[in-house]
Amino acid sequence: MNNEKKYDINILVRTTYLPEQSDEEADRHVFSYTISISNTGNVASQLISRHWIITSGDGNIHEVRGLGVVGEQPLIKPGDTFEYTSGTTIPSLAGTMKGSYQMVAEDGFHFTVDIPEFILSVPRVLH
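Yeah, the sequence shown ends on 127 if you go by full-length UniProt numbering, and it's all consecutive.
Hints are computed from structural coordinates only; laboratory data are not their basis. It cannot be assumed that every hint is accurate.
Cut-off 30 angstroms, straight-line C-alpha distance, at most; resulting in silico cross-link-like pairs (DSS-like, lysine-lysine) [what the hints assert, rightly or not]:
id, residue 1, residue 2
1, Lys-98, Lys-5
2, Lys-77, Lys-6
3, Lys-77, Lys-5
Label pairs and their computed distance ranges (CB to CB) [claimed, not checked]:
id, residue 1, residue 2, range
4, Ile-11, Phe-109, 28 to 36 angstroms
5, Glu-25, Gln-102, 35 to 43 angstroms
6, Ala-94, Lys-6, 33 to 41 angstroms
7, Asp-107, Gln-21, 36 to 44 angstroms
8, Ile-48, Glu-25, 38 to 46 angstroms
9, Phe-109, Gly-79, 13 to 21 angstroms
10, His-51, Thr-85, 16 to 24 angstroms
11, Gly-59, Asp-107, 40 to 48 angstroms
12, Gly-108, Gln-21, 38 to 46 angstroms
13, Glu-24, Pro-78, 42 to 50 angstroms
14, Asp-27, Gly-79, 37 to 45 angstroms
Don't be surprised by glycine CBs; every beta carbon is placed ideally from N, CA and C.
Work out the full structure: start from the sequences and follow the hints.
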């Protein structure tokens with residue numbers, strides 16, 4: 001068996017707090033997140049669906065499932081990166097997100113890519 005990683009997808013996440021869209025008195029904290037999905041394997045793979053687990057600071061959990069991301073089901077070729085920006089709202093000053101993408105490779109192989117947990121935090125809260 002060779003050691004090549006046919007199906008290797010790397011995830012990088014950057015988050016931003018959006019004070020102009022948030023309302024702290026109403027416990028409405030809005031964040032954007034930009035995700036870079038890089039295909040470091042050697043088979044083109046298409047992102048079919050997503051599953052998010054959003055946990056607010058009070059322990060409330062919200063799950064989101066859906067097809068694609070931002071209205072797309074991108075085919076990511078080896079060496080390419082697909083990047084998108086989306087957002088979420090939580091009722092606390094801090095929280096976390098994690099999840100997974102369901103992918104299908106050009107050769108028909110279905111696999112899941114975990115999205116590592118990342119922090120959503122109003123800037124003055126966690127430093």
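Verification of the hints:
For the given pair, Lys-98 sits about 23 angstroms from Lys-5 by alpha-carbon distance, which is consistent with the 30 angstroms threshold. Restraint check: the Cα-Cα separation between Lys-77 and Lys-6 comes to about 12 angstroms, which is no more than 30 angstroms; the hinted pair holds. Restraint check for Lys-77 and Lys-5: the C-alpha separation of about 14 angstroms stays at or below 30 angstroms, so the hint holds. A hinted range of 28 to 36 angstroms is violated for the C-beta pair Ile-11 and Phe-109, which are about 19 angstroms apart.
The hint said 35 to 43 angstroms for the Cβ distance between Glu-25 and Gln-102, and at roughly 39 angstroms that hint holds. About 38 angstroms separates the C-beta atoms of Ala-94 and Lys-6, a value consistent with the hinted range of 33 to 41 angstroms. At about 42 angstroms, the CB distance of Asp-107 to Gln-21 agrees with the hint of 36 to 44 angstroms. Our hint of 38 to 46 angstroms for Ile-48 and Glu-25 holds, since their Cβ atoms are close to 40 angstroms apart.
As the Cβ distance of Phe-109 to Gly-79 is approximately 18 angstroms, the hint placing it in 13 to 21 angstroms holds. Distance hint check for His-51 and Thr-85: the Cβ-Cβ separation is about 19 angstroms, which falls inside the suggested range of 16 to 24 angstroms. Against the hinted window of 40 to 48 angstroms, the Cβ-Cβ separation of Gly-59 and Asp-107 comes to about 42 angstroms, which satisfies the hint. Between Gly-108 and Gln-21 the beta carbon distance is about 42 angstroms. The supplied range of 38 to 46 angstroms therefore holds.
Between Glu-24 and Pro-78 the C-beta distance comes to about 45 angstroms, which sits within the given range of 42 to 50 angstroms. Between Asp-27 and Gly-79 the CB atoms are about 43 angstroms apart, so this pair conforms to the stated range of 37 to 45 angstroms.
Violated hints amount to a single one, hint 4; each of the other numbered hints is respected by the structure.
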